[in-house]
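Trainee: If you want the building blocks of each chain, they are given just below.
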Amino acid sequence: MTSDKSDYDLIKEFIDGSASAFNVLARRYQEKIYWHARRMTGNHLDADEIVQHVLLVMFNKLNTFKFQSSLYTWIFRITSTRSLNLIKKRHIQRLISLDQWSETGEANNDIFTKLEEKEKFEQMQILLKEIPAKQREVFLLRNFEGLNYEEIAKITGRSVGTLKANYHHAFKKIKKLMQHYEK
Amino acid sequence: MKNDERIIKYLDGELEEEEKALFEKDLSRSETLRNELAAYKKVLTAFDEQKLFETESMYFTNLVPAIREKLGQRETINPFRKLGYAAAFILLFVAGYFIFQSLFISSSEQIITIEELADNMTDTELDEMIDYLVEGDETELFDEDLYNFEEDDLENIIYVSTYETKLAIISDFGINNFLSDIPETEKEEIYNELINKNFSSEVNL
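Order-wise, the sequence lines are chains A and B.
Those letters in the first sequence? Residues 1 to 183, by this note's numbering.
Those letters in the second sequence? Residues 1 to 205, by this note's numbering.
Bound conformation, chain A alone (with noise of 0.2 Å):
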């Protein structure tokens, strides 16, 4: 279901009661949400858990969203936050011997339909899970949704000075990996 209806028709026919307005919006952002997730978290469950949980949160607080940012900056503060937060869970999980959750049955679990492309994936994943969730933020948000500083620093509220810095770390550091993986 496509709509060519604005974000701002969309959210005031939501709290007006369309139920089907709702469902264009998420259709709209489910894959932004999914891939900034999945790119953060470095896998297919966290991934999924993050976008049902932030469509959620669009569902039941979308009445209270007041214009003052785009629909799709909001949904990033959310998305963000809670990457953060599952990443920050999932190392205190670990780190008390809870490790229950696992990447087990990731393999059978996953929305790749080329194998290569997977692998590929994963390649990368490994390069970015060794910066900073912080600074893999930034440079997903830089390279991938292709945002400015202002932009991001609107979802991750860091000073653009901070960000630039971010950035510039992320990129030297994934470099320096990909090189030395090379060899």
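Derived from the structure by calculation, the hints contain no laboratory data.
Ideal Cβ placement from N, Cα and C applies to all residues, glycine included.
Please note that the accuracy of each hint is not assured.
To be verified - Residues from chain A shown here face chain B by an in silico Cβ test under 7 Å; the list is partial: (1) E31; (2) L128; (3) F171.
To be verified - DEER-style ranges, computed between Cβ atoms: (4) A:N63 <-> B:K51: 22 to 28 Å; (5) A:N109 <-> B:E5: 37 to 43 Å; (6) B:E49 <-> A:A19: 25 to 31 Å; (7) B:R34 <-> A:K61: 47 to 53 Å; (8) A:L56 <-> B:K20: 43 to 49 Å.
Unchecked claim - The list that follows gives simulated cross-link-like pairs (lysine to aspartate or glutamate, EDC-like), each with its CA atoms no further than 16 Å apart: (9) A:K176 <-> B:D4; (10) A:K118 <-> B:E56; (11) B:K20 <-> B:D4; (12) A:K66 <-> A:E13; (13) A:K118 <-> B:E49; (14) B:K2 <-> B:E36; (15) A:K114 <-> B:E56; (16) A:K172 <-> B:D4; (17) A:K32 <-> B:E56.
Given the coordinates of chain A, work out where chain B should sit on it, guided by the hints.
Mentor: Below, chain B alone, put in the same frame as chain A:
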């Protein structure tokens, strides 16, 4: 400006016109610089390639119906959820108490590790506690300070709590009272010991 910085800024479109002209001039004269630029471009190309990967469309087709189903389930409100949070909050106090004891009371006493603490809780209790510690209202702007914790294990436990939770811990365990009850010299000794101590190795996380 170092080469790495110049290259990243060049690719990022962040160089001033003058800097860009100078960079391109240097590029034509230096093979090393050209190789470095190529290495950075290779990273971007590898990530760009991923944008074209094919994925299972059914997953995305089924997402909204799955959300709708969850929303239907949520209409049945679980009255024990809030109680669960309260229980988790109490567990957090217990965890905070042990951490507080191991850090502040006596270095000669046996230190209780997070693993030992975890052993005394059920998996569900631990999971609930972690959820409680980690989750906040994601629609609010978040506090930058809460995310500066990635490297240190012990700090993870402390920093993941919300600001309010941290205040509650301080208040409930009377750390301020404890500090006000001891002499200045002892306070200074503790302070010096703390700033020179590697907590993560001390508690054997």
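Trainee: Is the Cα-Cα distance between A:K176 and B:D4 16 Å or less?
Mentor: Given pair A:K176, B:D4 holds - Cα atoms ~11 Å apart, limit 16 Å.
Trainee: Are the Cα positions of B:K2 and B:E36 separated by 16 Å at most?
Mentor: holds (12 Å)
Trainee: Holds or violated: A:K32 and B:E56, Cα atoms, limit 16 Å.
Mentor: holds (15 Å)
Trainee: For the pair supplied as a hint, A:K118 and B:E56, is the alpha-carbon distance within the 16 Å limit?
Mentor: The hint holds at about 12 Å.
Trainee: Taken at face value, is the distance from the CA of A:E13 to the CA of A:K66 at most 16 Å?
Mentor: holds (15 Å)
Trainee: Has the given pair, A:K118 with B:E49, been kept, meaning a C-alpha gap of at most 16 Å?
Mentor: Holds - the C-alpha atoms of B:E49 and A:K118 are around 12 Å apart, at most 16 Å.
Trainee: Verify the interface restraint on A:L128: the C-beta must sit less than 7 Å from at least one C-beta of chain B.
Mentor: violated (9 Å)
Trainee: So the hint says 43 to 49 Å: do the beta-carbon atoms of A:L56 and B:K20 match that?
Mentor: holds (46 Å)
Trainee: When you check the alpha-carbon spacing of A:K114 and B:E56, does it fall within 16 Å?
Mentor: holds (10 Å)
Trainee: Hint A:E31 vs chain B: min CB-CB distance below 7 Å?
Mentor: holds (6 Å)
Trainee: When you check the alpha-carbon spacing of A:K172 and B:D4, does it fall within 16 Å?
Mentor: Cα-Cα ~7 Å, so holds.
Trainee: Was the hint right that A:F171 lines chain B, CB cutoff 7 Å?
Mentor: Since chain B brings a Cβ to about 5 Å from A:F171, closer than 7 Å, the hint holds.
Consistency note: the structure conflicts with the earlier hints numbered 2, 4, 6.
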